[in-house]
Amino acid sequence: MSNKKQIEKIVKMLAELKDTSELMMDLAYSSILLNNRELAEEVEELEEHIDELHTEFELLVLSSGFKQEESKNFLGLIRIGVVTEKIADAAAEIAEVVLRQLEPHPVLKLVIEEAEETVLRIQVSENSPLVNKTMREAKIPEKTGMWILAIRRGNRWIRPKPQTRIYKGDILIASGYAEGEEDLKQLATGKIANKHRSFSLFKPN
Amino acid sequence: MSDFEKIEYKPRSVREILIEMKDISELMIDLAYSAALFNDRELAEEVLELESRVDTLAYQLNMSTMIATRDPEDAQGLVGVLKVASSADKISDAAADIATIVLRDIGVHPLVSEVFKKVEEGLVKARVNANSILAGKRLDELELASKIGVDIIAIRRRKEWIIDPKGKETIEKGDILIARGSHSGVEELKKLAEGTLQKLEEE
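Protein chains in written order, with the numbering used here: chain A, 1330 to 1534; chain B, 78 to 280.
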């Protein structure tokens, strides 16, 4: 093996590519189902980011000084990288549909109507009880009926996982029923409405 | 190349087809990465099967959209639907590309799958032992998704793969489960399947 550290770096980057491409897919589908331009714009922005990342990744793989007998394995890595790129492109295409259309066609509207949801983008303030909690601890869906699609931290996008920690200044992108919007706003700004609603949770796949 | 089936028009709503395409293409990605991670050729073949299902759906969606188009206004509005369908199709093609890496023995460095397992904690493969509490239970009884945040995306039973098992599916001893979820969730599932954990620990 050329160098274990190098490999770890490659894999970490691959994981970021994979994560970002899947995040884009989630956001793109949400943007079309909710007919939300803001989400679609986020996807377009991520597309630029992932292009850079992908180039960086390929250069890293190619410069890792692998032996001839390892070339197949490294080809596998390059190919997976290409797959993430393809997924990202497809997601960007979906987002483009949203950005081009002013008024969705009745057929798409039917899809949208099914989900009577809104999208909210809100910054976590210093006083928010969410600060320093993991997604699991924060129990946002239980408290507000809103589902966190993505977290923006500085210029990074994070696809939330149960162990992802929320920091002050994070921007949460959430979707859910309109009634939950106010609850999430209060939660994120620190003016807590601490009622536990029994929502039937929807979970976007 | 194998023979291609003729795809017939079926009266289904655009919405229904679109949602099915979206669900399958997303599922395919997880299955394809699982196939690469666990170097499982048969799982990779399942991914290719799903790919042809998505192809069929794409054709059907195109036909339903054509029938729904009556005037230029419709055409303007519906072109977006076709675009989305073609994107979903591309996503499923991308997943199939991963499956092909596995099937053609191109391989992913063994060290990579080690490190990948560490970075990407969401996918797990676990065998159900005879003393596991999962054995003999239906998926909808277990409610793994809501209780431990884990979603079983495929079950290997004897020589068959059951893809995207439904709630009425009963887990049998000897089954191999492929699941996705949070790190702690999939760890718990592993222990439950091994039988070292005898009770669902809800969060």
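Bear in mind the hints are in silico, worked out from the structure with no lab data behind them. Incorrect hints may appear among the rest.
[What the hints assert, rightly or not] Below 16 Å or equal to it, Euclidean Cα-Cα: the simulated EDC-like pairs (lysine to aspartate or glutamate) are: (1) B:K167 to A:E1387; (2) B:K160 to A:E1399; (3) A:K1333 to A:D1380; (4) A:K1415 to B:D170; (5) A:K1401 to A:E1422; (6) B:K167 to A:E1399; (7) A:K1341 to B:E103; (8) A:K1334 to B:E103; (9) A:K1415 to B:E191.
[To be verified] Among the chain B residues that face chain A by a calculated CB cut under 7 Å, a handful are: (10) L159; (11) V161; (12) S164; (13) L180.
Given the structure is predicted, the values throughout are model-derived calculations rather than measurements. We put the beta carbon where it would ideally sit given N, CA and C, even for glycine.
How the hints compare with the structure:
no.: 1; hint: B:K167 to A:E1387; verdict: violated (22 Å)
no.: 2; hint: B:K160 to A:E1399; verdict: violated (39 Å)
no.: 3; hint: A:K1333 to A:D1380; verdict: violated (26 Å)
no.: 4; hint: A:K1415 to B:D170; verdict: holds (9 Å)
no.: 5; hint: A:K1401 to A:E1422; verdict: violated (31 Å)
no.: 6; hint: B:K167 to A:E1399; verdict: violated (29 Å)
no.: 7; hint: A:K1341 to B:E103; verdict: violated (22 Å)
no.: 8; hint: A:K1334 to B:E103; verdict: violated (32 Å)
no.: 9; hint: A:K1415 to B:E191; verdict: violated (25 Å)
no.: 10; hint: L159; verdict: violated (9 Å)
no.: 11; hint: V161; verdict: holds (5 Å)
no.: 12; hint: S164; verdict: holds (4 Å)
no.: 13; hint: L180; verdict: violated (12 Å)
The structure does not agree with the numbered hints 1, 2, 3, 5, 6, 7, 8, 9, 10 and 13 stated previously, though it agrees with the rest.
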